[in-house]
Amino acid sequence: MAAHLSYGRVNLNILREAARKDLREFLDKCAGSKAIVWDEYLTGPFGLIAQYSLLKEHEVEKMFTLKSGGLPAADVKNIIFFVRPRLELMDIIAENVFSEDKMHSPRDFHILFVPRRSMLCEQRLKEQGVLASFINIDEYILDLIPYDGDLLSMEYESAFRECYLENDQTSLYHTAKGLMTLQALYGTIPQIYGKGDCARHVANMMLRMKREFAGSQNQILPVFDTLLLLDRNVDLLTPLATQLTYEGLIDEIYGITNGYVKLPPEKFAQKKQGEASKDLPTESKKMQLNSAEELYAEIRDKNFNAVGSALSKKAKIISAAFEERHNAKTVGEIKQFVSQLPHMQAARSSLANHTSIAELVKDITTSEAFFDNLTVEQEFMTGVETDKVNTYIEDCIAQKDPLIKILRLVCMQSVCNNGLKQKVFDYYKREILQTYGYEHILTLNNLEKASLLKPQTGSRNNYPTIRKTLKLWMEDANEQNPNDISYVYSGYAPLSVRLTQVLARPGWRSIEEVLKMLPGPHFEERQQLPAGLHKKRQQGENRTTLVFFLGGVSYAEIAALRFLSQMEDSGMEYIIATTKLLNGTTWIKSLMDRPESQIP
Amino acid sequence: MMKSKADEEDYWNSSKFKAFTFDDEDDEFSRLKESKRAVNSIRCLVEEDDDEEEVEKVSWSGEPVGSISWSVSETAASNQKTDREPAFPKINTDTVTISKSHSGYSLSSLFKGKTKGGNFQSFTDSLSDSSVRLYAPELRKPKSEYKDYVSDWSPEETVQRMQQGKVVSLEKFRSLQDKLLLLDYAVTAHDGNVITAVLIYLKRTLSKEVLFRELESRQTALRHLIHYLTETRDQRLLLELFRALGRMEDVALLQYKEHLSIADENKRRDFLKGCLSLPFSREDSSHVQDHYTLLERQVIIETTDRQAERGGKVEVFQKFPRKASILNMPLITTLYYCCFYHYNESEGTFSGPLNIRQTFKISEKQYFVTALAARAKLKSWSDVDALFTSRNWLGFTRKKSPLSFQRVVDILQKNSAPTQVLQDYVALVDDAELRISLAQKYKCHDIVINTYRDLKDRQQLIGYRGKVERGSTEEKKIEELLNNTQIRWKN
Numbered sequence: 001m002a003a004h005l006s007y008g009r010v011n012l013n014i015l016r017e018a019a020r021k022d023l024r025e026f027l028d029k030c031a032g033s034k035a036i037v038w039d040e041y042l043t044g045p046f047g048l049i050a051q052y053s054l055l056k057e058h059e060v061e062k063m064f065t066l067k068s069g070g071l072p073a074a075d076v077k078n079i080i081f082f083v084r085p086r087l088e089l090m091d092i093i094a095e096n097v098f099s100e101d102k103m104h105s106p107r108d109f110h111i112l113f114v115p116r117r118s119m120l121c122e123q124r125l126k127e128q129g130v131l132a133s134f135i136n137i138d139e140y141i142l143d144l145i146p147y148d149g150d151l152l153s154m155e156y157e158s159a160f161r162e163c164y165l166e167n168d169q170t171s172l173y174h175t176a177k178g179l180m181t182l183q184a185l186y187g188t189i190p191q192i193y194g195k196g197d198c199a200r201h202v203a204n205m206m207l208r209m210k211r212e213f214a215g216s217q218n219q220i221l222p223v224f225d226t227l228l229l230l231d232r233n234v235d236l237l238t239p240l241a242t243q244l245t246y247e248g249l250i251d252e253i254y255g256i257t258n259g260y261v262k263l264p265p266e267k268f269a270q271k272k273q274g275e276a277s278k279d280l281p282t283e284s285k286k287m288q289l290n291s292a293e294e295l296y297a298e299i300r301d302k303n304f305n306a307v308g309s310a311l312s313k314k315a316k317i318i319s320a321a322f323e324e325r326h327n328a329k330t331v332g333e334i335k336q337f338v339s340q341l342p343h344m345q346a347a348r349s350s351l352a353n354h355t356s357i358a359e360l361v362k363d364i365t366t367s368e369a370f371f372d373n374l375t376v377e378q379e380f381m382t383g384v385e386t387d388k389v390n391t392y393i394e395d396c397i398a399q400k401d402p403l404i405k406i407l408r409l410v411c412m413q414s415v416c417n418n419g420l421k422q423k424v425f426d427y428y429k430r431e432i433l434q435t436y437g438y439e440h441i442l443t444l445n446n447l448e449k450a451s452l453l454k455p456q457t458g459s460r461n462n463y464p465t466i467r468k469t470l471k472l473w474m475e476d477a478n479e480q481n482p483n484d485i486s487y488v489y490s491g492y493a494p495l496s497v498r499l500t501q502v503l504a505r506p507g508w509r510s511i512e513e514v515l516k517m518l519p520g521p522h523f524e525e526r527q528q529l530p531a532g533l534h535k536k537r538q539q540g541e542n543r544t545t546l547v548f549f550l551g552g553v554s555y556a557e558i559a560a561l562r563f564l565s566q567m568e569d570s571g572m573e574y575i576i577a578t579t580k581l582l583n584g585t586t587w588i589k590s591l592m593d594r595p596e597s598q599i600p
Numbered sequence: 001m002m003k004s005k006a007d008e009e010d011y012w013n014s015s016k017f018k019a020f021t022f023d024d025e026d027d028e029f030s031r032l033k034e035s036k037r038a039v040n041s042i043r044c045l046v047e048e049d050d051d052e053e054e055v056e057k058v059s060w061s062g063e064p065v066g067s068i069s070w071s072v073s074e075t076a077a078s079n080q081k082t083d084r085e086p087a088f089p090k091i092n093t094d095t096v097t098i099s100k101s102h103s104g105y106s107l108s109s110l111f112k113g114k115t116k117g118g119n120f121q122s123f124t125d126s127l128s129d130s131s132v133r134l135y136a137p138e139l140r141k142p143k144s145e146y147k148d149y150v151s152d153w154s155p156e157e158t159v160q161r162m163q164q165g166k167v168v169s170l171e172k173f174r175s176l177q178d179k180l181l182l183l184d185y186a187v188t189a190h191d192g193n194v195i196t197a198v199l200i201y202l203k204r205t206l207s208k209e210v211l212f213r214e215l216e217s218r219q220t221a222l223r224h225l226i227h228y229l230t231e232t233r234d235q236r237l238l239l240e241l242f243r244a245l246g247r248m249e250d251v252a253l254l255q256y257k258e259h260l261s262i263a264d265e266n267k268r269r270d271f272l273k274g275c276l277s278l279p280f281s282r283e284d285s286s287h288v289q290d291h292y293t294l295l296e297r298q299v300i301i302e303t304t305d306r307q308a309e310r311g312g313k314v315e316v317f318q319k320f321p322r323k324a325s326i327l328n329m330p331l332i333t334t335l336y337y338c339c340f341y342h343y344n345e346s347e348g349t350f351s352g353p354l355n356i357r358q359t360f361k362i363s364e365k366q367y368f369v370t371a372l373a374a375r376a377k378l379k380s381w382s383d384v385d386a387l388f389t390s391r392n393w394l395g396f397t398r399k400k401s402p403l404s405f406q407r408v409v410d411i412l413q414k415n416s417a418p419t420q421v422l423q424d425y426v427a428l429v430d431d432a433e434l435r436i437s438l439a440q441k442y443k444c445h446d447i448v449i450n451t452y453r454d455l456k457d458r459q460q461l462i463g464y465r466g467k468v469e470r471g472s473t474e475e476k477k478i479e480e481l482l483n484n485t486q487i488r489w490k491n
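Sequence order for the protein chains is A and B. Here the first sequence stands for residues 1 to 600, where the numbers follow our numbering. Here the second sequence stands for residues 1 to 491, where the numbers follow our numbering.
Wrong hints could be hidden among the right ones.
[To be verified] Within a straight-line C-alpha distance of at most 16 Å, the following computed EDC-like cross-link-like pairs (lysine to aspartate or glutamate) qualify:
{"no.": "1", "chain 1": "A", "residue 1": "400", "chain 2": "B", "residue 2": "250"}
{"no.": "2", "chain 1": "B", "residue 1": "166", "chain 2": "A", "residue 2": "139"}
{"no.": "3", "chain 1": "A", "residue 1": "454", "chain 2": "B", "residue 2": "283"}
{"no.": "4", "chain 1": "B", "residue 1": "365", "chain 2": "A", "residue 2": "395"}
{"no.": "5", "chain 1": "B", "residue 1": "273", "chain 2": "A", "residue 2": "394"}
{"no.": "6", "chain 1": "A", "residue 1": "449", "chain 2": "B", "residue 2": "249"}
{"no.": "7", "chain 1": "B", "residue 1": "361", "chain 2": "A", "residue 2": "426"}
{"no.": "8", "chain 1": "A", "residue 1": "423", "chain 2": "B", "residue 2": "283"}
{"no.": "9", "chain 1": "A", "residue 1": "421", "chain 2": "B", "residue 2": "283"}
{"no.": "10", "chain 1": "B", "residue 1": "365", "chain 2": "A", "residue 2": "439"}
{"no.": "11", "chain 1": "A", "residue 1": "449", "chain 2": "B", "residue 2": "410"}
Rather than coming from a laboratory, the hints here were simulated on the basis of the structure.
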């Protein structure tokens, strides 16, 4: 079911299995038949851990989504609420429980908080007078969810906003806890590096927690050699840029949530032969995207300009394989061919799907609007005229393009100029408020607090120095056969990944100056290993680094890290962990005030 | 950005910038087609086997059959059919403490904490310790029994017990000093849950002044309190807190934000008026002033126009009924509306476009684009023309625009302007090549022909002859030009 999690350097299936075991245990604790009432947000992340079949084995007979009003009828002994610790959800639960009591129901109630219990929520249940109705109140620690063979995500959407806007460090506590779990399963990580305030904070908590558990020594041979903690606000630029890898573009255009993407159905309609084309389905097509799919694993991290040729190569191979049937003469040969058929069919349908998706993406990337937008982004990233009002942005506002698009560009200009000149800043602000509504003062203030959009203060613009020292712009990025990470943005090398690369070789000491220009402290910590657990490294054996992005990571950055892992001479394999997978649009959205009612 | 075309070419070709292009489109994306073809040809071969595919089963919406979100909708849908059986007597499950022995490990058991002895339990131990994991029986105990728990826990132990989810009483921390000690221990534990719980207790038992004062030197705890107040929507206390901390801008923004939840436009306007005196930053306060002025006008315009529309006497409302109310629309939308319905009003009226332009200091470009779009939508070409016309000091008229004429053509075309109108503006595009491509796109033959003539490009002109209608005036014109011996063609 989740074999792709164990393909990688680190077997993440262990983590998934541990999580599943925990779930089973909780379910068994509520003896008898049960119905689960889901906080809808959780179904996505849970889908990465377990299928319905697992729940069914443990007598889960019905599942509902959490809604106010009465609970639907279901002849079960237990009702279990699976919820995030949110106050508004507690009110709904209370409503559910109240309506139930009136009917003199024999059902038992339980709550499972994900990822952690909250006194605040329990307090609210108490205020509502329903706390005593619960037989069981427990928590299901789902901090780090295995997302793919080399990828862990907390799926904690509001982490960046909480950390950098509201200064609330709850997500960092969960991060530290998650890392402790990881160490319990995969051994103590001997070296910790970090850059940024949040990174420092997480490292401190980890070290403290370790001291508290000093009684028990972890006897597992360490799988990870190094942990690198990176604050998202050390690199505000990268997520703002349009990702140009296949997976990145799918995310930019259609949005990938919990490993699934919803696509317009037209291109996927299956036409059977001889059948008049039926009505096109109107419901969007939902597809799972992960490395379990061979073809997808092959093309997801390529620059989109290299995807076409990869697909056609694959098509030729598959065609040739199907042609083999003409050569199959003997019964044995035919049998052999037939036995391969299921695999070939899977490959065929996978190819069909990705050809369709690539066509959809291509329609966008070949449009004039996409080209113009990208041109401006690249001008900003190379430092061209970032101190003036940009005509393209001005035109986009005049045409009332989506606000988030405008904000992405303006923020990018601001970041690439270390803040906008006061006059430019005021001008953009006025134009945006006049065109999209004055209430966006709140959003603009949020962006300012997060340092994404700000007026220049006395200090000089150090972005050019950072760009040059870290080689953030490569003039000859090779999209087809990349030799540098800059291929993921067709020229721009993500700052975060450059920091990671330099850390591995030649080390951060070589870039002290630049590190000082970036926000927050940088540091190194060592964790003692019990004697006998020191790794005896084989000649030529790669080291493994866990890179943790606090506040989110983009698919293009992941692609760049995978590229580094695959480079023959890098000597380093990367596993990636994050609070949330994001792109510029979802990121900006998470910083807006009441975005749902305000996006035009 | 005002580079000449040639500059721009250099700019791109210098390869300093890598544009994301599909230059080699032919071999790149024809391949996509190729793979599509291949896929299609394979499809018919294996069609009959479709049902036996060993691929994961997927419902149309794409959820693999059996995934959680799929099952939620499935079981919910089938639920209505189930008849409820008669109720059973309630089974007592208070003693659910089954703790099976398990091999392997589970996550939640890993950090459940220490036993009293202070040893961290390895996960195998903790599995048998059901008391750690089952909080509920404790929670359900009547209040009188709590006394048993009020033993002499130190602040540190109390925090630890709270982290483990055990019941504790905070009441015994009476003095300010004890309370603050408790808070400080909670903060060092970094568990937001515990910090919040302690804060709730402090909030209940301390005066605001003391609490706020003490929190000023405890930033982490302060942030948790702010978060707590925001979550519980305790607006009043939050404002007081910000004031006490001197965070006046936060006070202003928080209060301003409240307008979003006021539906009635008159109340909202009055609320915004009240916001004017809030301590915003200088720029923000002028924006909030504008916000108030705008809504004030929208209320007036809306009332008047609704009446005018109902009265049925004003032509423009009959011909183009309003689609929505103008209330709470952004400024530029309001300007568009006024350019549409109130274009010729004098500067003295609230709804006159010029008045709006002045009051809100709308940039020339924005005003121009908006007015152009609105008048073009009404097909009021004379108004469009007038927008561009300026007289110089000699009294000659000429067409001027703060926008490139290419954009102008674009806007006009989007509002389906006829060719006669379009060509006037296409002709004003400076760059010859751009002019030709626009003219060809919108079939402004005269401009194409004249431009080729001016460029002395005989070959192109001959080529274009094939594209115009046979025997049309355009064809005749081209013939005449080609036969004109006076022109020195360059090719």
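> Any of the earlier hints contradicted here, and which numbers?
Replying inline: Hints 1, 5, 10 and 11 not satisfied by this model.
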